[in-house]
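Each chain is listed here by its residues.
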Amino acid sequence: MQAIMNWLEKYVVPVAAKIGSIRWLVALRDAFIATLPITMAGSLSTLLNALLQTYPTQWGWTGFVNAVQPIITIDNTVGTASLTIFAIFFAAMWGYNLSSQYDVDGVAGTLISLAAFFMGINGTTSLTLGKNLTKGATKVLTDAGAVVGDKTLTVNSAFSTANLGSASLFTAMIFGALALVIYIFLMKKDISIKMPDTVPPAVSKAFTSLIPGIAALYAVAIVNWLFTSLTGNVFGDWLSATIQAPLLHAGQSGWMVLLVSLLVQVFWFFGIHGPNVLGPVLESIWGTSQIQNIQALAAGDPLPFKWVRGSFDAYVWYGGSGGTIVLLLAILLFSKRADEKTVAKLAFAPGLFNINEPVMFGLPIVLNAIYFIPFIVAPVLNTAIAYFVTMAGWVNPVQIAVPWITPPILNAFMATNFDFRAALLALVNMVIAFVIWLPFVMASSKMQEDEEA
Amino acid sequence: MIFINAPISGDKMIETLEAYNDNGVTFKFVSKNGMKLLFETNMDDLEAAAKLAKATIKAQRWASVLYFQVGVEA
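As you go down the protein sequences, you meet chains A and B in turn.
Counting in my numbering, the first sequence runs from 1 upward without gaps.
Counting in my numbering, the second sequence runs from 1 upward without gaps.
In case anyone wonders, no lab produced these hints; they're calculated from the structure.
Check the hints yourself; a few may be wrong.
[What the hints assert, rightly or not] In silico DSSO-like links for lysine-lysine, alpha-carbon gap of 27 angstroms or less:
hint	chain 1	residue 1	chain 2	residue 2
1	A	Lys336	B	Lys36
2	A	Lys189	A	Lys205
3	A	Lys18	A	Lys135
4	B	Lys54	B	Lys12
5	B	Lys28	B	Lys58
6	B	Lys32	B	Lys12
7	A	Lys336	B	Lys12
8	A	Lys18	B	Lys36
9	A	Lys151	A	Lys135
10	B	Lys51	A	Lys151
11	B	Lys36	A	Lys341
12	B	Lys36	B	Lys58
13	A	Lys345	B	Lys54
14	B	Lys58	A	Lys18
15	B	Lys12	A	Lys18
16	B	Lys51	A	Lys345
17	B	Lys51	B	Lys32
18	A	Lys151	A	Lys139
19	A	Lys188	B	Lys58
20	B	Lys12	B	Lys36
21	A	Lys10	B	Lys12
22	B	Lys12	B	Lys51
23	A	Lys18	B	Lys51
24	B	Lys28	B	Lys51
Source: prediction; values computed, not measured.
Chain B with its partners taken away, still in its complex shape:
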């Protein structure tokens, strides 16, 4: 699983990642605890999944100024 610490715009991030489906890669929202969002992914390399998730969100116009953290859930 990967996590996103996002103080704001969490709903938009969930929407963006759940809509992602390039090369068969998917993200599925699992839960929200405070500002922490958890996602399941079908990628084996979770580090790469976290990087992809961050890049995908950063590519959105509304996300260009957001400060958030993406990582692999231990």
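Here chain A stands alone, though its shape is the one from the complex:
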């Protein structure tokens, strides 16, 4: 074990630490994390909408739906102002976090990232019409500035909410990055207007970022113009189609899902914060997929993805990474070791809310050779089962973001829009993990007995 530790410390930890400390990746991860109030509010709105409108309508409870209409209206307002325009919030947080990582003004960074994002997306809204407009209607609309085509109506200077949601996240990332790299570079080079000390700090700060901000936005605008002129495409639309869509599609690969599940466990076991290292990948691929699912659910559209960020929480990381809640159950029911039973009793309540630090270090699991195999095998097998069942369409895909502290089984039930089959799948996974953990718990118990004998 010591040899493995030395090897890890020499070769793996520096690489993991390097990845985990790349400012751009840290900022990316933190930008997604910072949008949590928005994703949660949007998810709650979707959840309430399902409970107050979708299901009651299906059951014919029109009287109930009419009675709660004001709540539905309020709820829809929250949904529209949160997840529907999610890319705006992400662009803001991306600018703030990246600027903060480089110790330059985060407020200006936020604004620059936002402005760059709006440059990248399509600034027109097109509607497909059922039939051609009359000459009179065409003239009225044309006079108002709209462009009327063959069964189409295009309104300039009108951002469609379709371009402000999660479909434009990579546009926000790339355009924000382009602008911010120039902004940060110029700020670091101190190319800015200095105000005397007598000027209030807020004014002085705004002036400091004036030249870097203007330069950054014009540079992005030039790149955007060149791209559009040369290709005839809107840059944001092209990015969504050629980068975002294939990456998200790759995230649906079983091998990729299993690899992430395996790496997280191996990292944890050796004392490396797995989700922290893999956070940028987890959030930008599966987190984005999850937001697209929530948006599709809210819009009543088919869900675009089956395996998303919340799928790991629902079926694999119940009770914390490693599904340790079932280990605690196995210890409480079958172990004869007083020390492990004491830890299990103390760790059980936090474990119900997916907090497993007491068991990871208290038992411990970290670096404990006897628990290495179940700690790796149980989650990976759980991932494989849940992936197969989800892909087969036997349970609803995860389509609502639930807080990570939501207890096991309930998490799967809520995240899949109240699919009892998902709750059952989570339970089956827990039983399977229990069976995997049990022989090792008993072996640990026996080892103690043998030592005492």
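Knowing the structure of chain A, use the given hints to seat chain B on it.
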């Protein structure tokens, strides 16, 4: 005393905490047992000392991805 459960990079943690000397606060490495490191500190509030130790280590670039536990030794 405070403890740190650190599977890896224990030596760097000892070095970092022993070098800490802000506002007269000090940490002194006492012993190592497996992955458990024990430190003495001149802070009266041990809970606050544990939090400070964790924050100090987390602030190091090499520690950003490490998973470790800091607490008050009973």
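**Study point:** Which numbered hints fail
**Key:** 3, 7, 10
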